[in-house]
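Using the hints provided, position chains P and A relative to the given structure of chain U.
Below are the chains, spelled out letter by letter.
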Amino acid sequence: MSDVVCSGFGGQGMLTAGLILARTAMILGKNVTWIPSYGSEMRGGTANCNLKISDFKIGSPFVTDIDILIAMNAQSVDKFMPMLRRGGLLVIDAALCGASFRGDIRIESVDATGIAERSGNPRGANACMLGALAASGALFGRDETRGGMTAFFDSKGKDSAKNVSCFEKGFELARNLQGAPAWT
Amino acid sequence: MAMLRPRACSAETKYCPGCGHGIANRILAEVLEESGRDKRAIGAIGVGCSSLMPDTFDIDCVQAPHGRAAAVAVGLKRCRPDCAVFAYQGDGDALAIGLSETMWAAIRNERITVIFVNNGTFGMTGGQMAPTTLEGQKTSTTPMGRDAGATGRPLDIIKILRGLDIAYLARGSLSGSADIATAKKYLMSAFDAQDAGYGYSFVEMLSPCPTNWGMSPSDAMKHINGVVRQTYPTGEFLRGGGNE
Amino acid sequence: MKELMKGNEAFAEAAIRAGCRFFAGYPITPQSEVLEYLSRRMPEVGGVFIQSESELAGISMVYGAAAAGFRAMTSSSGPGYSLLQEGISYIASAELPCVVMDVMRYGSGLGDIFTGQSDYWQAVYNGGHGDYRTIVYAPSSVQEMADLTVMAFGKAEERRNPVTILSDASISQMMAPVELPAMACHDPDAPAWALKGKGNGHFKRHTSVMYYMNEYDGYVRAKYEKIEKEDQRWESLETEDAEIVLVAYGISSRICEEAMRSARAQGRRVGLIRPISLYPYPVNAFDGLAPRAFLSVEMSALGQMARDVALACGMRAPVYSMLGGTRLYSCSDVEARIGEILGAAHGAF
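Chains as they are written, first to last, in this note's numbering: chain U, 7 to 190; chain P, 1466 to 1709; chain A, 147 to 495.
Just chain U, with the same shape it has in the complex (with noise of 0.2 Å):
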């Protein structure tokens, strides 16, 4: 079971990164439940969504006690930060590394707004931050995530090449910022 928010600035794509692992989940037979904020909502800053991943059965859609947040906002570490479980795992833009942290958890750095300007394809930065998620090891493996990305896209009737080689330079450039505490 993965509680997960995907969170930044509208425009970041960080729905459709939740939509990614959605897929993915989905894939490999597992359930899951997507919902994004909406509306007024997303006027403080982020838009972002609750992604629930489990072998069993999902009850409420809504994210709690969060496994793994994935933020390329500041906003968006300021308020889910603390709705992090001890021993989650935090990925952030690199761009974010100035920021405290909470010692109780993992964190996963990516340079993914750089990567993605530097490819070509300035809203490939959520594969990057896909692609770190992957590297860290908490919820999908790279082939698996990289296979959930192009049925995404393929379903979307679009082309994923871009997107799957700033994946891949994620994966390959995601850096264990901070590790996991010895209880965990």
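No lab work stands behind these hints, which were simulated from the structure alone.
Cβ coordinates follow ideal geometry from the N, Cα and C atoms, glycine included.
Hints may contain errors.
[Stated by the list, open to error] 20 Å max Cα-Cα, derived SDA-like pairs, lysine to any residue:
#, chain 1, residue 1, chain 2, residue 2
1, A, K301, A, T385
2, A, K350, P, C1548
3, P, K1504, A, K342
4, U, K63, A, K350
5, A, K342, P, D1660
[Stated by the list, open to error] Computed list of chain P residues with no C-beta within reach of chain A, every gap over 10 Å:
#, residue
6, C1481
7, R1491
8, D1503
9, R1505
10, Q1528
11, P1530
12, G1532
13, A1538
14, G1540
15, T1590
16, K1603
17, L1629
18, A1646
Coordinates of chains P and A only, in the frame set by chain U:
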């Protein structure tokens, strides 16, 4: 010459003596039957005196919610494009509570025919002011006569609809045999426009309401010809291909 | 093969697959995906999609389409659902079938667009005028949304009555894998009530059936008594030995099921009744149950469903309410309330 009653007018109408609805029903039935459309006609009937029509008019029909006859007709026509679909409504129905539905069916140039009976009053509810009530006309809610300063001027819907890309627009009168024959021609032209696929057609009919006007049937006819027509001139206003 | 879909999209696609070929509606959050989906999908199957000028017009168009024999529907949310009531009453009085979805958001007036369950009274006890009921189904998952939508069209025709899908912002906005139903055909010429012009036969008219019926009072009573007897739907989970039985529908039932599993894991005997039909209310689900307490859980501040629970259980045990509204309760809130009630019940004995 023997006057044969149209088959669709199967029973005595339930309207008041001298009411124009009976004439409107009759010429509508004649138009449908003379053109063979009665077999594929469906009506959406308004609320008010119009709602007495389904009891005595042997044509497929739906009793619409008050003001929504045009919308019901749109649902029917979009599903049954080969049927001759009409809305039959009075002035309160089409222009007060149902003005939005009237306008939007016209704006979308829906292929329906709206038959609009204008007798200047809410007949069924006891003669209250309608959007079409004349200035100075006494009704049960304008006991001192309609004051345009407080209630606005009588609504001439033809003036508004003329600006839209619709297929056919006419106003006739039920106040004399020659006028009734002309109104019948307008109705036929309206259904022809619908069948040709040109779009929305609208025929208004000036109609007497002796009961609520407090007049004899013959005085009510004279009142239309002498007074009502000054506010609501008759004639054909649009005849064409709409925006097809 | 499963598809990943929003509840709103599953509703729209399931309707298409049930043979629905007419939709007229007006945008409102959190329902607008239905319009967006059908604006694309209806033309693909030769159906009619109309973005109507208002909900008043939209439901009247549905009335016309239903009278023409088509499977027809509309959808809305709170404020727009209020406007649909006029047409729903007319359609019910004319005994025509149609499907209407209300995606509940919270609040009266303009309210807000977050999830809520405050349209229960309006949907279940009729927002419209007169002596009628609409059959009301409340899905609690995207899969159930698809399944109940198909069932709704069949039931609407079987009972010649509008059927309401009472969804909420969570179920409608949520995405989950869904197994879509197979494509079915509906022949609009087949229903006895279908208007297509009288041809060489006798004309048909659709208006209140009471005008042309001698024993209407008894007739309409018998119609709804039959529905109340035969059309109850619910899911019972672990109610047999339960000390406390939760009662919840839609999004609240998901939260309650999670709370129930968690409480069971801690040795508390908790059960759940999940009404699927809200009209008819599944009173049979309460037969033979004798818990220490019932707890009705809903996202309305006034406890709109709680009195139906009280009626259904005959007050054989105390009925408590857990109420939401602007606040979304969580699984742990429900567990805490269970603890309070059982603690109090034990204390009292």
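Violated constraints from the hint list, given by number and in increasing order: Hint check: 1, 4, 8, 9, 10, 11, 12, 13, 14 fail, others pass.
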